Amino acid sequence: MKDKIAIQVDDLTVAYNYKPVLWDIDLRVPEGVLMAIVGPNGAGKSTLIKAILAIIKPIAGSIAIYGKPYEEQRKMVAYVPQKGSVDWDFPTTALDVVMMGTYGSLGWIKRPGQKEKKAALEALEKVGMLSFKNRQISQLSGGQQQRVFLARALVQEASIYFMDEPFQGVDATTEIAIINILKELRKAGKTVVVVHHDLQTVPEYFDWVTFLNVKKIATGPVKEIFNDDNLTKTYGINYKVAINQ
Amino acid sequence: MSLSEYFELLISDYTLRTITLGTAVLGAICGMLGSFAVLRKQSLLGDAISHAALPGIALAFLITGAKDTNILLLGALVSGLIGTFWIRGMITKTHLKTDTALGLILSLFFGFGMLLLTFIQKQPNANQAGLDKYLFGQAATLVEKDVNLMVIVTGICLVVLLLFWKEFKILLFDADYTKTLGFNTKFIDVLITFFIVLAIVLGLQTVGVVLMSAMLLAPAAAARQWTNKLSMMVFLAAIFGAFSGVFGTAISASQNNLSTGPVIVLVAGAFVLLSFIFSPGRGLLFRELRFRKNRRDLELQKTLQFMYGISKTHSDISHPHAIKILNDFQGFTRRSLQKLEEKDWITLTGQQWSLTQKGFNKAKNLYNQQEDD
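Chains as they are written, first to last, in the working numbering: chain A, 46 to 290; chain B, 586 to 958.
Derived from the structure by calculation, the hints contain no laboratory data. Do not rely on the hints blindly, as some may be mistaken.
Stated by the list, open to error - Think about it this way: if two alpha-carbon atoms lie no more than 25 Å apart in a straight line, the pair counts; the simulated DSS-like pairs of lysine-lysine are:
1) A:Lys-128 x B:Lys-814
2) B:Lys-678 x A:Lys-155
3) B:Lys-887 x A:Lys-128
4) A:Lys-64 x B:Lys-943
5) A:Lys-128 x B:Lys-764
6) B:Lys-764 x A:Lys-162
7) B:Lys-771 x A:Lys-160
Unchecked claim - Just so you have them, the derived chain B footprint on chain A, three or more residues with Cβ under 8 Å:
8) 94-101
9) 132-145
Quick caveat, the model's predicted, so the values are computed rather than measured. Here a beta-carbon is modelled for each residue, glycine too, at the ideal position from N, C-alpha and C.
Just chain A, with the same shape it has in the complex:
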């Protein structure tokens, strides 16, 4: 099952001004894995996702989604940005934000109708937010906002999901709710890529991992490569030893 390559990145290099943020990244993500991208602050984790999604223009390199350029495969890909990247005081409701997930398949000018609304309501229910559908988004807690973002991506009915720190600043209940949804996605054969910060939970949540620190350190099954050696190479310190001091 893990033979098919969902995401293929070749020789990807990204730089802001003069400083390289990502250096010559090669990456193959098999279909149906739940993958964490880990690495220190400034390692380029978010940038990697944004470069794959063509939000940032790389200096060099190529991206393929199921063997074709990303531009042709957009409909197969959904994105959950960092919660802090938008203004939550924007005048709109939770349902309205989730509806935005249907805009891509609608295309230009066409308005969402009953079908789109139904899909959005179903997604809200999946993340346990149905009763908040008419809530102004500024009146949602951080965890609820994150769930709304997740619901918006679910509506896209994609094959590949990219999530930028979905667990950042959410409480335990939301974290469990989110990870359960991600595991369900994997069960349905979807590929999920998550920028993740909490190393403790990597073995529990994910089955695939990529270590990143400007360069790619390692990528593969958590069971095989999530070890002290790679952690030390990525973070520059042996974090287990450092914690126990």
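Since chain A is already given, all that's left is putting chain B on it; use the hints.
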């Protein structure tokens, strides 16, 4: 002329009607587009663009030698767009922050425009008088042709707004995400910005370079207070803008011809002030009232919680207790006890109180937030 005379004149007097219609339409289009500028946190962009338009007006006059409004405004449009383009370029190509780029373009273009104006004034051309009207605007110079142009542009703007509503909304909320959905965000962005520049340029004749940004921002800021829905905000901003135009013109015409632009802006400012205070959701007044009510409720709940703590040690929860024992706890008054009784949480008999079943249940679930919503 009093205000009521003005409104009578409005029906009969053609010039007055033209000017009023013009300021109303201008207020409406500025309100609509201003909403987008405010939500994109580009409030100051309007200020920079309007100032950047000044050299365009002066150059258009120098080149053509005529004071045709349309040509002058075309000049303003071109120079406003150049200013906008440079601001964007500065932000993306250099390390300068947005506010610095805006400030630079605003003052440089305005300075250059003023230089050209003084140069023009020294020229023998008799035609030059009145160009400085564009600094603070003069509604009285509006003629039917100008108003027609405003109506047409506003109409086009409305159509574009309705067509691309979904695209505008999602871009305003989350630009990166919009890109991943396959929309050409640059196109949407340019479209919004172009119409903002257009609205500003249209307003220069009436409100002037210096005050134009207030026309854009004030109605939008006021509207934001009343609603949590984007479509409603845009609609309200248009209404507030239109009324600012009408009332501003009315006041200025009825009071010895006070300069119209500043009066319109002040009326719009009054809308903002009233909205900040009186809007139900976000207004200061209701927020303060809610705050006080919450504090009173909390005090009641604290007393109730204290009573609950005493009562639950008894097998009979309605076992009466002396009011005196509440003295350990300072948060009660005769009035708060009565309030508790009104809510049917306790019963008072003489100097004794006892918890009701309802009060007991209320206190028990008081801090169980999971049940909410």
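Hint check results:
no., hint, in the structure
1, A:Lys-128 x B:Lys-814, "21 Å, holds"
2, B:Lys-678 x A:Lys-155, "35 Å, violated"
3, B:Lys-887 x A:Lys-128, "36 Å, violated"
4, A:Lys-64 x B:Lys-943, "66 Å, violated"
5, A:Lys-128 x B:Lys-764, "17 Å, holds"
6, B:Lys-764 x A:Lys-162, "22 Å, holds"
7, B:Lys-771 x A:Lys-160, "29 Å, violated"
8, 94-101, "holds (count 4)"
9, 132-145, "holds (count 7)"
Violated hints for the displayed structure, listed by number in ascending order: 2, 3, 4 and 7.
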